[in-house]
Structures are given as C-alpha cells and as structure tokens.
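Given the structure of chain A, go ahead and fit chains B and C with the ligand onto it with the hints provided.
Chains as they are written, first to last, in the numbering used here: chain A, 1 to 205; chain B, 206 to 514; chain C, 515 to 722.
Everything labelled a hint here was simulated from the structure, so no lab data went into it. Treat the hints with care, since some could be wrong.
To be verified - Quick list of simulated restraints, FRET-style, between CB atoms:
#	chain 1	residue 1	chain 2	residue 2	range
1	B	314	A	5	58 to 66 Å
2	B	298	A	145	22 to 30 Å
3	A	145	C	666	47 to 55 Å
Even glycine gets a Cβ: it sits at the ideal position worked out from N, Cα and C.
Chain residues, written in single-letter form:
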Amino acid sequence: MNCIELEESLVESEDGSSREQRAHLSACPACSGLVEELRSIIATAVELRGSAEPSPQVWNSIEMVLRQEGLIRPQPTPRPALSSFSARWGWARWLAPAAAAVLLSAGILLYRASVADKLAQQVSVAAPALDAGMDDNDFLQEIAAQSPQLRPVYEDNLRRANEYIRDAQSAVNEDPNDAEAARSLMDAYQQKAMLFNIAMDRSLP
Amino acid sequence: MGALRDLRQETMAAHDKSWGSRMVSKRTVKVIAIGVIVAGTLAAESKKEYHFAVGSKAGVSVMNPYGSIWVRPSLNNTVVVSAILHSDKVEVDNNQSGNRVDIQSHLLPGADSESGRVDYEVLVPADASVTLHSSSGPLHAEKLHGDVTLEGSTATIDVRDVSNAHVHVKTLNGAVTLNNVQNGHVEVDSLSGEVTLTGVNGPLVQVVSTSGNINYIGDFGDSGEYRLTSHSGDIEATIPEWTSADVSARSVRGEVHDDIPLQPKFHTWFPIRAGVAFAGTMGRAAASSTVVLRTFNGKIHLRKRSEKQ
Amino acid sequence: MRPEKKTLTDRRQRRGDELSEAAAIERAKQGDAEAFQVLYDMHKRRVYSLCLRMTANTAEAEDLAQEAFLQLYRKIATFRGESAFSTWLHRLSVNVVLMHLRKKGLPVVSLEETTQGGDDDSPKKDFGTEDVALAGSIDRLHLQKAVESLPPGYRSIFVLHDVEGYEHNEIAKIVGCSIGNSKSQLHKARMKLRDLLKLQRAEKAGKA
Ligand SMILES: [Zn+2]
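Excised from the complex, chain A in its bound form (with noise of 0.2 Å):
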C-alpha cells in the first residue's frame, strides 16, 4: 500500500485500522498524522450537535400557528407548571412560567370565546390557572429588587391591569353569551401579561 493506495482506503475505513493500513502508517508519519487528523475532526463534529440556540420567535411563531390551527386547546383543569420550563437570563427564570400562565388563561379564553355556550365555564376555569401561576407580590418585589426606581410604575399598572380582569369577569358573568366581554377578558389577561413580558424582556436594565 502506498500514500495514495492509503488515503482512498480511508473510504472504506476511516480509522486506519486494518492490517494493510497499520502496515503502512507505522512507516509513514504523513499518513499517520493524516489519519489523526480526520479522527480529531470527527471527535470534534460532535459537539456541533445541538450547539446553536433558535430565536425566540422562532417559538413565538409557532405558537401563534399552533392556536390559529387550533391545535392548542384549552384545558379542562389546571395543571401545575412543568419541571423544564426553560428561561434564559437572571430572574426571568421565574418570570417565564408566570407570563405563560397569564397567557394559556388567555388562549383559554380565545378559543372558549368562539363557543358561546360555554362561556359559563370559561371563567371557573381561567381563574384558578391563573392563580396557579404567579403571585403578584412576588412580581413586584423582583421588580424593586432588580430597579427600584421602577416598581410604582409597575405596581400602578399592575393594580389596573388587575381592574380590567375583574370588571371584564363580572361583564362576562352578567351575561355568558355576550361574546365582546369575553373578548374584553381576554385583553385583560392579554394586557397583564405584556407587563410580565416587558418585566422581562431582555431591554430592560
């Protein structure tokens, strides 16, 4: 086997490790140094596995087509928050879920608005979903910790924000059919999770 004879047997096996290819790579230090070469690239590739991190709209995205295709629905109970629920910086950590929860409550909302009928239910659902997930006293004083000179801002929003659910759940329960007071309790819920997602958003000092 010579040079050449070597590097096309690399096609066939790639680490060198028939008895012909040892043959030859135990004389000749180009080939070898070759061979090891190719081995630290291939050690290396995998690493490249999974080592890229998408967008964040990139999930946006596809949640926004998941409820548009309706194949997020709501759900008949409230479940508690799942262990993995990934966020990426500080204390948005603990944020992420609490947003979630204000929006599934208002993806709950959604689809429940398009069934009149059963707009009854919806607001024994939403409720506890929601309570399930945050607690606004811990928000606020994240909030105070992280900028203290924001947390009035915070708060005053947060206290109206909580109004608007309030006076758009007792509009739906006066009158369950009346699709354009679900349609208010929506944006309520909508509105409060905004102030979550803009808590933490990544612009925020």
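Just chains B and C with the ligand, lined up with the frame of chain A:
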C-alpha cells in the same frame, strides 16, 4: 437533572455568544473595516458608525436599554447605523447574518440610565422589517413599507408614513403616535400610555389599553376591522360624515356621545341604553368597515370632522 | 472512532428526560400549550442546529426549524411511541431541510463524481499549509466555521454522518444515493474540512 441540563445549556449559550463576538464572519470583518470611530466632543462620548450591505426584505433589529432609536429609509440596499455612546460603560454589539442585522447595546458593569445611554440613527432599505426595543426610548420609525415592531416600557413611540405592513407596538406607559399608516395591519398594546392614531387604516387596526386614552382621527377606511378598547381610558374618534362603517360603541360605566347620525341596528349583542352605548351603521352599509369601541370606565365620543380641516 | 463518552452523556441525559417527555407528549395530544413548549424547549437546539449546519444561514434555519416543529405537532396525535420521539423529530427535520435544499436547487450530494485518485482539488498543494499540524487541537468553533464554508453538497453528508450520527445506509436512503457514494462524499468532505481548518490556522498565524 433538569438543573444540570439548564446549566449545560447555559454553558453552551455562553459558548455561542463568545463565538458571535470572537469568530467574526468575513462580512463582519468588512463591516469593522468600514466602521468609523469618531471621538465625540465630550471625553467619554463617542460616535460609531456601521455599514451593512443587505438584500431586499432585510431584517434589522436594535435592542437598546437606554436611549433613542430613529429609523429612516436608506437610499440603496444598505443599513447604516450611527450610534452615539454616552460613556465607555456601554458597547455596541453588531452582527450580520445573511439578510439580518442585529444591533445591541451591551451594558457594562456599573452602567446606569445616563452612562448606559446610546442614541441610534438607523437607515434601512424601505422594505426592511424593523424591530426596535428600548426601555426609555424614544422610538421613531418613518417612511417604510416593511413590518415594524416597536417595544418599550416608558418609551414614547412614533411611527409615520408606513404602508402595506404590520405595525406592532407594545408599551407600558409611553405615549404612542401613529401617523399616516396605509393598508396596515396595526396592533397597539399599551397599559397606560396614550395612543393617538391619525390617518391610520387597513384590514386590521386594533388598540388595547388598560388605562390609556385612545384617540382616532381618520375615516375607518379599507373595509377593515377597527377595535379600540380600553378599561379606564377615554376613546375619541373623529371621522368625516361620509364614513362608511358598522359601528358599535359601549362604555360600561362611562358615557357615550355621538355627533353623527347612525342607522340603528337592533340585532346587537348588548342592550342599547342611551348614553352608555350605541350601535348602528353609517354611510353605505356595503363594503364598510367594522368598528368596535369599548371601555369600562372611560367616555366614548364619536365626533364629526369638520370638512374645513 | 466515534467517541463513546459523548453517547453515554446523551443516554444518561435522555433517561432523565424520559418521564417528562412522555408526559408532555400526552399533554400535547390534548392540546396543552405548555406541553408543546416543553417539547420545543427539549429539542429546539438539536433541531435548529441541524438546520443551521445544513444551510449555514440563520434566517433559513429558523424558518426550517419552525416548519419541522409544526409538521411534528400536526402529526403528534398519531405518535404511538414505536420509535423514540426524538428519532422521529430528527428524521422529520432532516426531511424538511433536504426538501428545502432541493427546492433551492442545491445539491444534497455533491455533483462531483467519485473520482478515483488524486486529480481533485486537494488544496494542500495550493495553500502550502501542509506543515500546519491540526491533530488533537481542533476546537468546536473553528470546525463550525469550516463546516459553514463547505460546499453544500459536502455539507449535508458530513452533518448527517459526523454531527448527527446517521449511518451510511440511513443516509443513502434519506438522501437517495448509494452507500458507496455516501462514504466517498463523506471522506471528501472531511478532507476539505481538514484543508479549510489548516487554511484558517495559516491565516491566523499570518495575522498574528
Ligand atoms: Zn503514506
């Protein structure tokens, strides 16, 4: 196990980040070569400029915790970013990946709203889609026909002369002004900032606010869906008499005034009580827009625009 | 030749996820929004990285990753657990990417015929980088950069085999080429990578 995986992911993410800044692509090398660094008048203030060549429908995003972002159209297929950095406590990270340009102000330890401030002026091809984030703002985008997404917390947001595009705005309490948006898909979410839309129309124009006032001056055109809703803010729409729309307005606890004669519609979803609600059509009912105005505690006023204006 | 330790880590990690993944799949079948996101979070890096390495373009990779997850979610109700969920997802992602490459008219397998012997563009002669040693010191980021500059035809086979761990017979089936072709293209891809890495290193040494 979950925590371990998180840790591993974070390490990998950190790797990726260092990759982004250390291993620069050929293109980035070019950008840095063109990049001009001019010493500012103040000792700590500096100006940086970056140029990127992009194709049609490029994506440009600017993340800037503190400071303004102005976006205007560029003459050709280039993105030009001029940044004024207010101190050396903040850096500008830039990255181009294919047709996408990402700019981010990177705060260094000890940076605050003054020393961390960066003011950007960004020129983009008019068909680029633009995403701007700033906590303090202001944010401004004009004369574009690509999608525009602006998010701020206290930032005032101003968008003008945009057509055939999605305009998405989210703010905590900054004032939002949209001026001359044609054939838009407009969604504005504001917790407590005031929202003013002038000459805005399109298939969807939606404003949701918790306590901000909403002001619409225009004609509800394009047979679109217009929803202006607030919990405790006032809603005022000023429209010409010839407007053609299906209008329903309701304030749960506030008042509703209309200066424009409506043909009443009785098959409506809420009880019509004078003073708190009205519903009806105006103009030619065919090819008209749907308009929903709704507030819980605010006032609603549908005004006739004097033709002299 | 494939390093054992990596597969072990993967396997151990997989076992830890198994329970929550199975639960998440069941919940996703019920339309649970959070379950969809949990599944996405578990696999997003793997799927996105595959798309990114195959296309060397972040915008395309994001679109493709989105498409792969959507196709998966649309079919999730039919998932009965005969094969591993991740296997299913990755195969589906590969198909989405290959379809995309074909639509763009890019070769999935290099069009260059499997030429016998040394006529080819083996750049060791051109670059004079033969004396730059590589062994034992390739870092992930340099390799990543080199993979990005591989011609598309070589990139797919290399990513499928050496990065994602598919066997030649699987690749032949997925890509639609012969096993021999897959092997020879892989070898050529590795040889090109080696040249690119040497070139990188020579450039760096020149700059320093
Ligand atoms: Zn030899």
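**Report entry** Enumerated hints in conflict with the structure, sorted upward
**Finding:** Nothing - there is no hint that the structure violates, so all of them hold.
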